[in-house]
Amino acid sequence: MSAVSRRVAMIALAAAVVLGLIGATGDGQRATRVRPYPNRLPDGDGRAIAERSCLMCHSATLVTQQAKDSTAWARTVAQMVKWGTPLPAAEQDTLLRYLASHLGPRAARVKR
Amino acid sequence: MRGIDRRAFLRMLAGAAPAGLGLLLGPRALRAAGPAEMIERNEWPEHWETTLDALGRSWLTRNDRFFVRSHLPVPDVDPASYRLEITGLVGAPLSLTLDELKELPRIEMPCTFECAGNGRGLLSPPNTAGTQWARGAVGNARWGGAPLATLLRRAGVLPEGRHVWFEAADRAPHPDVPAFLRSIPIEKAMQDALLAYDMNGEALPKLHGAPLRAIVPGWYGMASTKWVTRVRVENQPSDNHFMARGYRYNRPGEDPTLAAPIEEMRIKSVVTWPRDGAKLPLAKFRAQGFAWAGSPGVKRVDVSSDGGTSWRPAGFMGETVPHAWRSWTTEIDVKSPRRLTLMARATDGNGRQQPVEASVNAGGYANNSIHRITIHVRG
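Those protein sequences? They're chains X and L, same order as listed.
First residue of the first sequence: 211, per my numbering; consecutive thereafter.
First residue of the second sequence: 144, per my numbering; consecutive thereafter.
Derived from the structure by calculation, the hints contain no laboratory data.
Please note that a few of the clues may not be correct.
[Claimed, not checked] Straight-line Cα separation of at most 25 Å, SDA-like style, residue types lysine to any residue; simulated pairs:
1. 292(X) <-> 442(L)
2. 442(L) <-> 465(L)
3. 349(L) <-> 292(X)
4. 292(X) <-> 213(L)
5. 427(L) <-> 465(L)
[Claimed, not checked] Here's a subset of chain L near chain X, in silico, CB distances under 7 Å, partners left out:
6. 187
7. 213
8. 270
9. 315
Note that beta-carbon positions come from the ideal geometry of N, C-alpha and C, so glycine has one too.
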């Protein structure tokens, strides 16, 4: 293989790799995806509690996409406690304050 | 190769080669590159929504563009050792391998289903728990498998058997979280429910319930249980959380156990073209989309280009199949540059129309409000 043809082959292979990386997403799902919400809980007092009690069953995006008032968050947390989330009673108020203050009602509609 | 260490470059290529090979394998992989076509509402369990661009491309939604909604992590089910049990109030319980299931008479059935929470994220104020879907948690696929009625007849349902429970393989990481279990009335099970192992002519993907899932035509998606391992015939509906408390039409503050269950899909339509906010030249253009409903089917779609003041009927295209959505299209003629509000309103076979704003329930379910988009026509 000449130096030129070797270089052409290298460029073609590199292009294939780059384009392939765009397309491959694993588990047979080739579609490229966007993630409209952060997959990390916001910083603040109570974040460690939220990580410990929420993220054992689902990723952070299920939390960060919510926009609920304190009553709605209390309903959610009560449900999760019933379902066994490791949340000591002494930490519940901190968690509720954290969720309502960082992920409270907002005017914006759903992110596309 | 100068300026870069050739061995390092080759190592990088080798590391990324499996993904790159996807491109070299053929047209399917080639089509994959491009703008994002799925919206990841939740990373795991997977809640993936189809973009309207991808949805509008074809009457059948491709397997890798079909929305994904899993309540619990995707289970590993070994198809080689898999067995489907038919138990409960039957005369002769069955236990079938996947091969034995595939030897039964097979049917194919195009069927549209929509997540009951589709449109939840569009409610205002957005104060409901759960995934904040926009409009793309819906799809239409051709499902292949064995009619549930065939298996129930073979097992011999006893007279007191009134409900069919679908037990599945998925489990939550925490043992106190209830398994996801749904049941349907025996009449629906015998009428047209399917146990599917194919999706659009391919083996059912794992994300969509492999090796076997229920398909309950005309009902919201939660009824079509994935990863089914046991069909149990009982004399009453399941009391599982996702039957007794979840998926109910209770208003905020009401007891869900006393509210009507969510079952058949409400009449609904979506505009897949043009896109909301599109800038179009001053010329005639075609609007198009899909409309779907439960058992009454879609009777008509009307389109307004003046914000709902006047309506005119759209035409239907392509296949008309029970329980599959209908493609509609209409031509819009704009005489002068302006901003216009385009709306599509579907009517079902019983005369029920989509509302401008759907009534609110505590779970944010079944939002079938009319789709309204804004288009800018330029001179």
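Hint-by-hint comparison with the structure:
no. : hint              : result
1   : 292(X) <-> 442(L) : violated, 45 Å
2   : 442(L) <-> 465(L) : holds, 12 Å
3   : 349(L) <-> 292(X) : violated, 30 Å
4   : 292(X) <-> 213(L) : holds, 21 Å
5   : 427(L) <-> 465(L) : violated, 32 Å
6   : 187               : holds, 5 Å
7   : 213               : violated, 10 Å
8   : 270               : holds, 5 Å
9   : 315               : holds, 6 Å
Hints 1, 3, 5, 7 from the earlier list are contradicted by this structure; the remaining hints agree with it.
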